[in-house]
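2 protein chains.
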Amino acid sequence: MIEHNHGNLLIIGGAEDKQNECTILKHFYQEAGGRDSRICVITAASNTAGQAGKVYEDLFRRFGCTDLEILNIYTRNDGNSQVMVDKIFRSNGIFFTGGDQLRITAMLGGTALGKALQHLYERKVIIAGTSAGASVMSDNMIIGGQGDTPGEDIIRMAPGLGLIRGVIVDQHFAQRGRIGRLLTAVALNPYVLGIGIDEDTAVHVRADGKLRVIGRGTALIVDASNVTVSNVDELFTGRTLTLAPVKVHVLSRGYLFDIVERVSYQDSTF
Amino acid sequence: MIEHNHGNLLIIGGAEDKQNECTILKHFYQEAGGRDSRICVITAASNTAGQAGKVYEDLFRRFGCTDLEILNIYTRNDGNSQVMVDKIFRSNGIFFTGGDQLRITAMLGGTALGKALQHLYERKVIIAGTSAGASVMSDNMIIGGQGDTPGEDIIRMAPGLGLIRGVIVDQHFAQRGRIGRLLTAVALNPYVLGIGIDEDTAVHVRADGKLRVIGRGTALIVDASNVTVSNVDELFTGRTLTLAPVKVHVLSRGYLFDIVERVSYQDSTF
Numbered sequence: 002m003i004e005h006n007h008g009n010l011l012i013i014g015g016a017e018d019k020q021n022e023c024t025i026l027k028h029f030y031q032e033a034g035g036r037d038s039r040i041c042v043i044t045a046a047s048n049t050a051g052q053a054g055k056v057y058e059d060l061f062r063r064f065g066c067t068d069l070e071i072l073n074i075y076t077r078n079d080g081n082s083q084v085m086v087d088k089i090f091r092s093n094g095i096f097f098t099g100g101d102q103l104r105i106t107a108m109l110g111g112t113a114l115g116k117a118l119q120h121l122y123e124r125k126v127i128i129a130g131t132s133a134g135a136s137v138m139s140d141n142m143i144i145g146g147q148g149d150t151p152g153e154d155i156i157r158m159a160p161g162l163g164l165i166r167g168v169i170v171d172q173h174f175a176q177r178g179r180i181g182r183l184l185t186a187v188a189l190n191p192y193v194l195g196i197g198i199d200e201d202t203a204v205h206v207r208a209d210g211k212l213r214v215i216g217r218g219t220a221l222i223v224d225a226s227n228v229t230v231s232n233v234d235e236l237f238t239g240r241t242l243t244l245a246p247v248k249v250h251v252l253s254r255g256y257l258f259d260i261v262e263r264v265s266y267q268d269s270t271f
Numbered sequence: 002m003i004e005h006n007h008g009n010l011l012i013i014g015g016a017e018d019k020q021n022e023c024t025i026l027k028h029f030y031q032e033a034g035g036r037d038s039r040i041c042v043i044t045a046a047s048n049t050a051g052q053a054g055k056v057y058e059d060l061f062r063r064f065g066c067t068d069l070e071i072l073n074i075y076t077r078n079d080g081n082s083q084v085m086v087d088k089i090f091r092s093n094g095i096f097f098t099g100g101d102q103l104r105i106t107a108m109l110g111g112t113a114l115g116k117a118l119q120h121l122y123e124r125k126v127i128i129a130g131t132s133a134g135a136s137v138m139s140d141n142m143i144i145g146g147q148g149d150t151p152g153e154d155i156i157r158m159a160p161g162l163g164l165i166r167g168v169i170v171d172q173h174f175a176q177r178g179r180i181g182r183l184l185t186a187v188a189l190n191p192y193v194l195g196i197g198i199d200e201d202t203a204v205h206v207r208a209d210g211k212l213r214v215i216g217r218g219t220a221l222i223v224d225a226s227n228v229t230v231s232n233v234d235e236l237f238t239g240r241t242l243t244l245a246p247v248k249v250h251v252l253s254r255g256y257l258f259d260i261v262e263r264v265s266y267q268d269s270t271f
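Protein sequence lines, in the order shown, are assigned to chains F and L. Residue numbering for the first sequence is 2 to 271, as defined by my numbering. Residue numbering for the second sequence is 2 to 271, as defined by my numbering.
Isolated chain F (complex conformation) (with noise of 0.2 angstroms):
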């Protein structure tokens, strides 16, 4: 079973719509209060950092939000800084942009921001973080590995920010055919829950460990907790994965995950 460790998170599988509807985008401007909003754009991923914030910045004040801030970390030293921290503490929605998620947990990994974030996190306000920064949120991450057959080109991992604890999320999923990735990853250990994340589409995992679908394509929910067959211990010899049988959750917008209890149902709310 999940240790389910309190939090609001937008877990978000990247190229979410910022042309016309903004449904996930929307989702998160109000939950982090509407006009009342103060949101903290994290850019640590990005490369472009200056653009990569504009876009999103430009999006939230023209959503109404008229308090922002802009962090854009480059170095550890920006991670330590009073100023960044005393920013992000008073902010009540944070947002990390997308980009490489081994910027952002090199750079903040440890740092005062980090641990700031993680008060945040117990305390509540809302964390979003589209593609890399989607992938940084659990405690493991998927950093590389392409093989479309599991197992063929092992899976890269590195530890996450770890706010939501016992779950691996991947992005970009039906787009870049993840699938054999995320089960490999789960394979590793399946205590371990998978979520993969279509393109523009949102989990939205709440403090009573219930994750909502929100967006256009589909979360795949990876449950291996009850594998009998596997050969996972071969699998660095080069051998191609088994793992059976695997309870897969196909879940659309409209739809919630107990993930605690493990099982899908319709969202009476929706």
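Hints in this document: simulated from the structure, not taken from any laboratory. Just so you know, nobody snuck in bad clues.
A pair holds if it fits inside one copy or across any two, identical chains being indistinguishable in the list.
For lysine to any residue, the following SDA-like pairs were computed, each having C-alpha atoms within a straight-line distance of at most 25 angstroms:
1) K248 / P191
2) K55 / Q20
3) K19 / R240
4) K211 / V230
5) K211 / R240
6) K211 / K248
7) K116 / I144
8) K211 / S231
9) K19 / G239
10) K211 / V233
11) K27 / G239
12) K27 / R63
13) K27 / R240
14) K211 / E235
15) K27 / Q267
16) K116 / I89
For chain F, the structure is supplied; the task is to place chain L on it using the hints.
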């Protein structure tokens, strides 16, 4: 529960190795009797039938086959040709090349040759098919639909040759990211077991209802028979698929799947 109706099928996910160890094609050759084999290659799927036939003729002759016929089928008249029917009835191994699955069913469906195949299937003559030749094996086959997110681009289906019932096969599976369309296919009727086969990978379905994986990649078995949450009734109004929980078996060489009991295990003879 799947009704199992006896036969001996080698269903190949396409692009099987023809250069090196030729594991899959040699398996077919041995199952057809090795040096005693009398092989018919049916090129109906291909619009360059002569070429497709030559490739397999050269290969099987190289393995040691001395009795080999290439059946190039261009019209339904060919499918009713007594000469062809006589040839296929004396064979002990039949091989369908790749191409377009609709060419096979349109030219063979309901012909004398189509009926002969059913007789040979009941007599447990090994029948192999690669790519399009794999898709036609079952009673329902997928002929199109490339949406990466399940439901986005509704799949198109057509009646197959109907040798094995209650399953639906997809090929080039991991390579073309087809998990979404296989999930959609089984969602339409969860009675049907989905079998997604990677390139250079095959499942050998034997008369005892056991499916054995051979080759380099993975066969993914999708069992939706215990689904409790589904929105398949809304799919044709443009909704994205919801389907949960789905039982998935990721199987590589050396593993078996029991189609009747729907369980996986290691092949003790491997």
